[in-house]
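A.B. asks: So the protein lines, in turn, are chains A and B. Going by the numbering used here, the final residue of the first sequence carries number 225, and the count climbs one at a time with no gaps. Going by the numbering used here, the final residue of the second sequence carries number 735, and the count climbs one at a time with no gaps.
Treat the hints with care, as some may be off.
As the list claims (entries may be wrong) - No farther apart than 20 angstroms at their CA atoms in a straight line, the calculated lysine to aspartate or glutamate pairs in the EDC-like style are these:
hint	chain 1	residue 1	chain 2	residue 2
1	A	LYS210	B	ASP503
2	A	LYS210	B	GLU700
3	B	LYS527	B	GLU563
4	B	LYS527	B	GLU665
5	B	LYS728	B	GLU665
Everything labelled a hint here was simulated from the structure, so no lab data went into it. The structure displayed is predicted, hence computed values, not measured ones.
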Amino acid sequence: MFDVVARNLYFLMGGFLVTLQLTAFALGGGIILGMLVGLGRISRNAYVYQPVTLYVNFIRNVPLILVIFWFYFVMPIIIGRPLDPFPSAVISFIIFEATYFGEIFRAGYQSISRDLINAAYSTGLTYGQTARFILIPIAFRRMLPSMITQSIVTFQDTSLAFVIGLREFVRRTSIVDNLEVRSIQLFGFVAVVFFIFCFTGSKISRHFEEKGRRANII
Amino acid sequence: MGFAYDFDWGVLWRQPYGTWLLQGIWLTLKIGFLGWIIALFTGIVIGTLRVTPWRWLRFLSAAYTEVFRNVPFLVQLFFWYYAGPMIFGQHLGRLINQIVGLNYYVAIIALGLYTASRVAEHMRAGFASISRDQYQAVLSTGMTHAQMYRHVIIPYALRIIIPPLTTEFLTIFKNSSIAMTIGVAEITFMSYRIDADTYHGLEATTGAMAIYLLLGLTVVKMMNIVETRFKIPGLIGR
Chain A
8 MFDVVARNLY FLMGGFLVTL QLTAFALGGG IILGMLVGLG RISRNAYVYQ PVTLYVNFIR
68 NVPLILVIFW FYFVMPIIIG RPLDPFPSAV ISFIIFEATY FGEIFRAGYQ SISRDLINAA
128 YSTGLTYGQT ARFILIPIAF RRMLPSMITQ SIVTFQDTSL AFVIGLREFV RRTSIVDNLE
188 VRSIQLFGFV AVVFFIFCFT GSKISRHFEE KGRRANII
Chain B
498 MGFAYDFDWG VLWRQPYGTW LLQGIWLTLK IGFLGWIIAL FTGIVIGTLR VTPWRWLRFL
558 SAAYTEVFRN VPFLVQLFFW YYAGPMIFGQ HLGRLINQIV GLNYYVAIIA LGLYTASRVA
618 EHMRAGFASI SRDQYQAVLS TGMTHAQMYR HVIIPYALRI IIPPLTTEFL TIFKNSSIAM
678 TIGVAEITFM SYRIDADTYH GLEATTGAMA IYLLLGLTVV KMMNIVETRF KIPGLIGR
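Produce the complete structure using the sequences and hints provided.
C.D. replies: Pasting the structure below:
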């Protein structure tokens, strides 16, 4: 019954590889930019805070698919020639996901109380030591569950690169489906693959959440 | 070349493009609202089943939420659109495929079922925030389990989770844009169509973004009214 999947497995898995690569780039860039966005969102400097907030609120209110299109249309104007779908998708994902990671970082930064910092100082720790041994480990553990969840969302979101013709997992599946017309098996297969990865990820996220709750840090 | 680009914002109102965008807005609104009705109804049912005393119902509803949350919406949409009719067998499947505007109905149902899983999760959180004492107090008045959920717990939980539901309601309009991939002519589809016709996709997509922002603002304003109207007295408000 699933012979159609077996026959095209190589082609499909090549698409899955593209999906994984896209996810890796989107996560790497999104998390790094997100850290800066998070810092900007807690900045007391209005010239930093206002533009960053505008950027975050703007992007979070428009659909990702539209951001992908918009970027795909704007790039040729800036660089003078059409950009390949892959780099174009990577950049739009980084711009989009950074706003979501930024809000996670902001919550993480803000969750650390003044008292905790003062307590650390009072034991004689320097600023660098406080950050290294107290602030960063605690903030990291608090943020970890949401970071994993958002990474899963990013992984799922990459399927939308479909719309600019990137031959990732879903695109390749639909190419095979056009030839073979075996939609139940093919799209069922894609759904199962995504499910396995995302379900495992959500279990890991829940594990860290429970662990944090038991240790009383969340 | 560099910045040699002639902006033509006229594509946002010149005919026929202006009409296309208006039609797109109308379709986005319809899909969003109809999908929301399905999502709210199904989500409340699934969310409630997750906390019932019956183990099998709990398992089924948990499976529903896990499956719908862990598969990308695009894949779900494709599955329902391309594979969905075939589930009913060759003969019936072919009949279903002949329905005019099938993609539109599939988009509404898929969006509704997907969002339902998210609504169900919020429902569960809402139930968890109601203290055990409340449940026991209701049961002690002689109500059955079904009556308890229908008359007390569900209305109570719904009022608690209005803020996260607002977010979901916003998200459903954003997610409706994915329906363009099966050819539903909503806003995003229309902006893409304008690009195909005029090569002015940048202006068209920028216009579409502005429409989504306006839509989002309207929803937030609307839900603020709902929230103040249904606020539970005595709880910490905003």
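A.B. asks: Looking at the structure, which of the earlier hints fail to hold?
C.D. replies: 1, 2 and 3
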